[in-house]
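Trainee: Read top to bottom, the protein sequences are chains H and R.
Residue numbers for the first sequence follow the numbering used here, beginning at 1 and rising by one.
Residue numbers for the second sequence follow the numbering used here, beginning at 1 and rising by one.
Do not take every clue at face value.
Claimed, not checked - Derived pair list, reagent style PhoX-like, types lysine-lysine, alpha-carbon separation capped at 20 Å:
1. K19/H x K95/R
2. K12/R x K95/R
3. K12/R x K159/R
4. K79/R x K19/H
5. K79/R x K34/R
6. K42/H x K54/H
Said to hold, decoys possible - If you want a taste of the chain R side facing chain H, the calculated C-beta under 10 Å gives, among others:
7. E112
8. R151
9. M184
10. M185
11. V190
FYI, nobody ran anything at the bench for these hints, they're computed from the structure.
The model shown is predicted, which means the values in this text are computed figures rather than measured ones.
From the three backbone atoms N, C-alpha and C, an ideal C-beta is built for every residue, glycine too.
Chain by chain, the residues run as shown.
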Amino acid sequence: MFDLFSRLFKRDGSSATAKERLRLVLLSDHLSLSPDTVEALKRDLIAVISRYVKVDVGLCDVSFEQQAATVAMHANIPILGMQNERPAVAPPTYAKGEPRRNQASIHSSTGERPYLDDLKVTTPAATMTEADVAHVDAATNEALNSSEHSAPITKPNAPSSAN
Amino acid sequence: MSGRRIVVTSGKGGVGKTTTTANLGAALAKRGRKVALVDADIGLRNLDLVLGVEKRIVFDLIEVVEGRCQLRQALIRDKRIENLWILPAAQTRDKDSITEAQFLRLTTDLAEFHDFVIIDCPAGIEHGFRNAVAGSQEAIVVTTPEVSAIRDADRVIGKIHERKLPMRLVINRIRPDMVKSGEMMSVEDVCEILSAELLGIVPDDEEVIDTTNRGEPIVLDSTKRLAAIYDKMARRLEGEIVEFTRLDEPSLLNRLLAGWRG
């Protein structure tokens with residue numbers, strides 16, 4: 001009788017949890033990526049897309065599916081509209097505890113991009129959307145806000161790009 | 001004649017490789033096929049015990065490979081099921097006593113006078129696994145609906161893909177009542193996660209322990225609930241399209257009234 005009751009009132013069994021945990025662990029097994037890195041990938045993907053179009057961050061769904069011998073990534077990202085300004089090159093977000101040197105190397109490599117000067121002039125940090133800001137971690141956020149007049153890429157070390 | 005050489009593997013131990021090998025082999029033999037079952041678990045042999053032939057071992061697989069006896073001398077004929085033969089593993093040697101090439105030669109020789117050579121693979125993905133796979137053309141991966149078994153099955157499936165062997169899945173020890181209440185992953189869940197084609201679904205049943213205790217294949221007694229399940233598995237292996245037994249029916253009352261619907 002107790003069994004019957006517990007079954008009637010059980011909303012969600014553990015099998016769904018098992019399935020979800022397996023999905024994630026198999027993905028990291030297959031790609032040799034840690035679950036943290038996979039999460040960071042999802043965040044960055046959404047952040048990059050939201051620089052070009054306005055997306056509904058709450059409804060974004062990024063999943064991975066095992067196919068015969070490969071892994072496919074499926075992203076369902078609802079687009080609310082276009083961004084008004086040209087895309088700002090925002091620094092990527094990182095998982096907690098990841099070393100900052102990656103960020104520095106991305107900044108230095110931006111010197112090769114042809115539209116860099118253009119960006120520096122026309123896109124101040126203020127054009128970043130809420131979605132962007134939400135996905136940029138606290139430290140980077142602070143760095144962006146501390147200087148109203150410069151786009152993020154001009155800050156650390158892109159001396160070659162100065163006019 | 002050249003029979004099919006099939007490895008039964010799982011990665012994780014204790015999910016039912018030996019039980020599957022024994023009963024699938026017995027089911028095929030009951031259908032009139034000539035079947036050789038090979039225990040590739042050198043040092044930890046068990047297939048002989050599950051099939052109740054442990055007292056009749058004279059020579060083992062390693063002695064055949066080392067040329068100390070003829071292959072036919074080491075094969076044990078099952079006295080209950082015609083056409084079923086067992087090649088026992090060595091119990092006091094280790095897994096490095098045989099190479100992949102030797103294993104391939106051995107199973108190829110067996111395939112010359114059997115329709116099916118079914119290899120019971122040791123757990124793990126090391127030397128013993130590589131040997132068993134080297135001797136096979138097809139694979140059957142056995143798993144249970146548990147996270148650890150599925151993860152290991154996934155690893156093994158990856159290894160089998162690398163060798164480009166066709167592979168099918170047996171999901172063992174399904175508990176329909178638990179699946180219904182959401183406490184166990186369903187057959188569909190497991191197939192989806194492993195993206196594998198299904199060969200068989202075996203419900204969890206105390207018959208397995210009971211028949212293993214006696215050293216009898218389940219298919220020997222056609223009144224057993226699992227006998228029909230293994231027979232269907234054998235037919236699928238032979239290319240027949242056979243519907244899977246529905247597992248979601250038996251409420252206790254149904255079971256008492258109607259018995260198992262094979």
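Trainee: All the hints need checking, so say for each whether the structure fits it.
Mentor: Evaluation of the provided hints:
1. K19/H x K95/R: 35 Å, violated
2. K12/R x K95/R: Between K12/R and K95/R the Cα gap is close to 17 Å, so the pair holds against 20 Å.
3. K12/R x K159/R: 14 Å, holds
4. K79/R x K19/H: 44 Å, violated
5. K79/R x K34/R: Holds - the C-alpha atoms of K34/R and K79/R are around 14 Å apart, at most 20 Å.
6. K42/H x K54/H: 16 Å, holds
7. E112: Status violated, d = 32 Å.
8. R151: 6 Å, holds
9. M184: M184/R check passes; min Cβ-Cβ to chain H is 6 Å, inside 10 Å.
10. M185: Since the shortest Cβ distance to chain H is 5 Å, the answer is holds.
11. V190: V190/R check passes; min Cβ-Cβ to chain H is 9 Å, inside 10 Å.
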